[in-house]
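My request is simple: use the sequences and hints to build the entire structure.
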Amino acid sequence: MAAPMEVIVSSDSGSQLWNCAVSELHSGSSLLSYRGGNTACRGLALLGSDYILGAQLGKNFINVWELQRKDQLQQKIVCPGVVTCLTAAPNGLYLAAGIAEAVYLWEVSSGNLLAVLSRHYQDLTCLRFTDDSSHFVSGGKDNLALVWSLASVVQLDLNHTPEPRHVLSRHSLPITDLHCGLMGPQARVATASLDQTVKLWELSSGELLLSVLFDVGIMSVTLDPCEYFLFCGGSDGNIFQVSLCSQSLSRDKAFQSDNDGNQVFKGHRNLVTCLSVSMDGTLLLSGSHDETVRLWDVQSKQSIRCISHKGAVTNAVITPAPANMFLPDSRPAAALPRFSRHLHTSEGEGGESGGVCVRPGLFTQDEDETHLQKAERLYSLMNAVTDKAVFGDGENTKVRVAELEEEVQTLKKINKDLYDFSSQLLTKPT
Amino acid sequence: MVTRSGTAGMKAKKKKRQDDFQKVKLKVGKTKPKANNATNTNFRTKGIHLSEQLRRDTSGPTTHRQLGINDLLSQLHHYNANVKQSALLGLKELLSLNPSLVEQHLSRLLSEVAALFTDKDGNVRMAASRLLRFIAQCVPAERVAPFFPLLSAHLSCAMTHIEPGIQEDAMKILDVLLDHYPALLAARPAILLTNFLELISHRRTSGGAKKPQETKGRSWALSVNPTRAVTSQQWRLTVLLRLGRFLQAVVEERPEEEGDMSVSSDGVFGSSGEGRITPLDLNWEELSYSKTGVKVYEHSGAKPTPHSTYRLRPEVDSGAGVGEGLSSAEAVQSFAATLVPLLLEMWVEASANDCPWNSGEGAHLLTPDAMSVMFQVLTILQLLRKLAPQKEDQDALDAWFRNEYLGDFKQHFMKNFPYGTRDTPKHKKKLDLKRSKQTAAVPGQTVEPLALNITLCQVMVFLSQRQGLGRDNDADWLIPLRSFVRDTLANEVKLSYKHLHMLLGTVWRMVLTQRSKTVTEDLLAAVYVYYQQRNLTLQTRSLLLSFYSKLYLQEQGHTHIARSKMLCRWLAALPVQLAQLGHRNPALSARLILSIQAAASRGNKDLLNGLQTHACRLYDPQEGVVVLLPAESQQRLVQLLYFLPKMSQALLANLSRCCTAGRISAGLAASLIRIVHLRSSLSGWSVGSQEAALQDVDYISFLFSSLTGFSADELATLQEAGDDSVLAPSPLSPLSLYPTPLEQFTHHWDVVEEVCHCLETLGSQSQCFDILQNGICKYLTRLGVVPDSMAAGLLRAVARLLDLSILPIDPVLRFLSQCCLSLLALLITLQQEAPSDTNHKREAIWGACVSALSTIPRLLRMVLQSLRVGDLCEEELPQLGQILSMLLQHTPLRNHLMANAALLQHIIQDLTRYSRGETREQWLTDLLYCYSVTVAHGSTTHRGNMGLRDMY
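If you're matching them up, the sequences are chains A and B in order.
All the letters of the first sequence, read from the start, carry residue numbers 0 to 429 under numbering that gives the first Met the number 0.
All the letters of the second sequence, read from the start, carry residue numbers 0 to 951 under numbering that gives the first Met the number 0.
Please note: incorrect hints may appear among the correct ones.
Okay, derived cross-link-like pairs now, DSBU-like style, lysine-lysine, Cα gap no bigger than 35 Å in a straight line [unchecked claim]: (1) B:LYS564 / B:LYS604; (2) B:LYS645 / A:LYS58; (3) B:LYS385 / B:LYS414; (4) B:LYS516 / B:LYS385; (5) A:LYS397 / A:LYS411; (6) A:LYS309 / B:LYS645; (7) A:LYS397 / A:LYS412; (8) B:LYS604 / A:LYS58; (9) A:LYS411 / A:LYS373.
Computed spacing ranges between beta-carbons, pair by pair [stated by the list, open to error]: (10) B:ALA561 / A:LEU342: 18 to 24 Å; (11) A:VAL166 / B:ASN584: 25 to 31 Å; (12) A:LYS373 / B:SER680: 58 to 64 Å; (13) B:SER482 / A:LEU181: 56 to 62 Å; (14) A:GLY310 / B:GLN864: 43 to 49 Å.
In case anyone wonders, no lab produced these hints; they're calculated from the structure.
No residue lacks a Cβ here, since even glycine has one placed at the ideal position from N, Cα and C.
Now the structure itself:
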């Protein structure tokens, strides 16, 4: 199988023609563009491999497109306020949006609003999930970044207000951007702030590992996949590269006559608002308020390509292309439900049983039994069988055995049919 | 005798030959003749003693009694107590003279001395404990560690000895060990704890008839030993004191399990709340020059760090009882179950002993002895609570205490609650004296009633539970506590730091557990009264500050705190306090700023209003705190600006003066400008709904005044200044320049760069330039005296903002050309003086002039036009020549100069004409050469530049 194709998804605040554009990473050829409205800063999210979501700039709704139908809005999710940041869990099950000073968390499969977390004191600026979707981090204008564990936030007990797992409170001015590294709960989190520092935290303990003070406020931050380098986009248009594992400090020093400047990407003329690194760590994408998106070679620090936009760039991401993006005939695996605007209460959903109804694909199942009920049924069935087997007479047993063997045969046949059918489907070229 | 032997000699000689083999005849009754070779033994010997010499080269130094260490150590086994005692004294003498011996013989020393802890003779024990203290003073804990099991074994032996005297002296030894090796003692607490119990009580024999009310934990009972020299109460006090210190050591040795969480619940607001990892603090400049290496990930991040708060499920508990020490919650609990009844008994006894006529009114008055026993009881209770190994255990322990003992505590402790000292009548004084002499060995005798009461508050308040759990019956005993706390704080009693800390801890706990608005208001008001006292020490003041700010940070989820009026009042008053404090106490100011920042970042209305009203005062360029405090506080103050809801014109004027006056560093000035930029509507970075703090007009005028760097008043005074401070105008330098000091120049230059960057990013450059030139036209063109930094800054800004499509208006151009020419003239004079420290200044000026001249071709023409060679005096001619040749040598200007070739030619002709020197001077030769090169170059590329003329 070939390496997954990576694409650039970018959006700006001024374009009339399209909302966000998708182009190929290496060739730069434009592939797709989605129409309608403009997306706010840090307001673009890919939901699984089916949908793309963009928070409308200055309005209180989120635009949703199906990935393959670029022209048509699938729906608008109306929110209680202007969405300042939006993110989807990498596993595609949850959607989090920052609205004023609260984090709204939806369950994608049902559209229920699971939690409204208002621990921040001022507007949120950024939200990120860890790569395993187990935690998310929110940063706000109140200088705080909060680490939330998804499991503790999503709970049925509404009386219990969820507490953040850690409060990262060492910044002294609003947080502008944050980045979650890899490795789930063991990840490192980088936060950038207007106080001219970038700080690196350990997610598991909430401890500060590193703080780098710059000459200018930092508007965006990212780590490369190996976490060798920290890229920090400054408010003066420079992008600074901090090496996180400098080993041979003295060895190559003699050859570098001019050490200054070889760790700075120079080219933008205004705030660098978004940064992203390609999967192999060789290419850096940056979007700026000077209405350009630039692609840089990390090794040589040269600008490879400059894509002009019609307004300040609000989002620019390098992401592996979802399969559905280029198949016009494909359909999303699951339809997106209506997203509710109010906190989901357990009374609404006939609260006769305390159990949770887990339905990963809503439309593939139609029975409404909970797992507990199923288990109970199965148990009674098994009991009945054993009762019969143990206490029934010999003849009855023989008949029973024959019946069961027959059933096994039919089941095997069904299984084979299924297998044949699916292998046929898979091997057939599309 | 000699003569006889002489005569016999002859004969003997003769005989000898044959007599050799003759048989000696021995006869009975005759004495045996002496043999010839017999030794004469009738002499006497006398010895010569050189003991010192001998000793010195064999076995090291000695005492004044000439005893070496080996002798002394062996004497310790002597049966005679006096010998042992003098050996101990000798050892002490020897070791203090030769400290190196301690190192060499530590193992023997300790084992021998420890063996004497249980000596029968009191003096020996005394000397042994003194020697131990001496050794402990000079040996660090890690070197004693291998011998410590031995020491503690002997100590236990002494503590459990049947002889009361030995037990008492064991306390002294324990003192020594507690003083010097608390960590080692605390490492193995199990045996010692039992020993402590046995010192004051005895185990009930199980066979005795138990009274029905005695519950399961009470298998120990207080013991009384009538043979002791001191009363049993005093004895218990001494034991309790040590127990308290020992538990303290155990608590202190506990590794901090939960950093921040326990801080918030304990109310240890004195601590800074720093993390456990010391983060790496780097600076971009150092980093980019690779001065510092970054190594963030140990073992490349493959394993989770030890600080991770995620825990694997604990392994199966090894069945830990009391015997296993205090490492588990159950162990602590069972120890407490044994100890607390004893403590209660002691308390009862103390209070009963004290008031034999116990009849109501005098019951709360105590003698000092009783008071100190009670105090110790409470201290130990407090420590017991802290012994819980983990935070969650602590809660469980609190609940357990509450369940088991709340009734007892209420009955005994709260009965006569605010305790006081009883005034002892005069006639008792003699007796007291005697007693105090007797018990002089016991430290901590005098306990103030205040300390007792405060400790009682603290012990009791931790038993209170969160309201709303169904039990509201705490009120009856909490009310007296509350009123005591309130009165103590509000009556401006002098409190020591420690007491205040404990009181605030009580308040903290009450506020958090009671969750009632009235209680909160009541207590906080009392604290506020205390806070408002004038003459508090720095330590106290900052304790109070951090109490308030930590409390404020707790507000989430506690509406009664968030809505507290007292807290709001405190917050609103912070900016005033900061302004009033000025530069007198930077440390306190830093604390204040931290609190302000925390509240400001949360958008607290009261604080922001306060900040807004006092902003002008805080950011005053002359005596505002922003210029008075050290750099770190300055930075925080500048960051505070971001949170101001509105920036008035007056404030902006102040800020601009702050930037330019040079009392804050250039870097800070740059970040100030950037923050103002961010808060304007023009910055473009706005997330969510935050209104711009300042109007665009104000913002632009702020930028413009920062760009000029001098206020209108200063410029006005400069115009009238005498000639001594400014360079006089001349035909070559049409403006008279005011040479700013180098430092100010560089500062201003940095500010100009930042302002230019802000102006560039504003949006439409042409509009921006329009505004700038209007400003110059309106305020600056009429000036006769211009500071050189301002002139250079203006040229720089114009060059950066202008593109070819915009044409500046004439008056501005004229002013700029004057600036440019004056600066070039200044440059020449600076070059002649040529001190290397003006290098930066020269480069800046030259860069500004050249970039302006090359971006605005009309400016160049105007400069050339204004050069009238005829008006110059003779010594200015070489200067002009130098200016021209510098311009000609600058390649980017070459094309523009060629566009003005006629003008240039005219000037050069004039120059050659006017310089009437017989010999052609060097400068002229240089100029002519440069000119010819330029012309030659120009003619070849002439065709390409035809279009250039169209611009004029």
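Hint check results:
1. B:LYS564 / B:LYS604: holds, 12 Å
2. B:LYS645 / A:LYS58: holds, 25 Å
3. B:LYS385 / B:LYS414: At roughly 25 Å apart (the allowed maximum being 35 Å), B:LYS414 and B:LYS385 satisfy the hint.
4. B:LYS516 / B:LYS385: Since the Cα atoms of B:LYS516 and B:LYS385 sit roughly 29 Å apart, the hinted pair holds (cutoff 35 Å).
5. A:LYS397 / A:LYS411: holds, 21 Å
6. A:LYS309 / B:LYS645: With Cα atoms ~32 Å apart, A:LYS309 and B:LYS645 stay inside 35 Å; holds.
7. A:LYS397 / A:LYS412: Holds, because 23 Å separates the two Cα atoms, which is no more than 35 Å.
8. B:LYS604 / A:LYS58: holds, 27 Å
9. A:LYS411 / A:LYS373: holds, 23 Å
10. B:ALA561 / A:LEU342: 18 to 24 Å: holds, 22 Å
11. A:VAL166 / B:ASN584: 25 to 31 Å: Given range 25 to 31 Å: holds, Cβ gap about 30 Å.
12. A:LYS373 / B:SER680: 58 to 64 Å: holds, 60 Å
13. B:SER482 / A:LEU181: 56 to 62 Å: 58 Å Cβ-Cβ, so the 56 to 62 Å window holds.
14. A:GLY310 / B:GLN864: 43 to 49 Å: Taking Cβ atoms as reference, A:GLY310 and B:GLN864 lie about 44 Å apart, which means the hint holds.
In this structure, none of the earlier numbered hints is contradicted; all agree with it.
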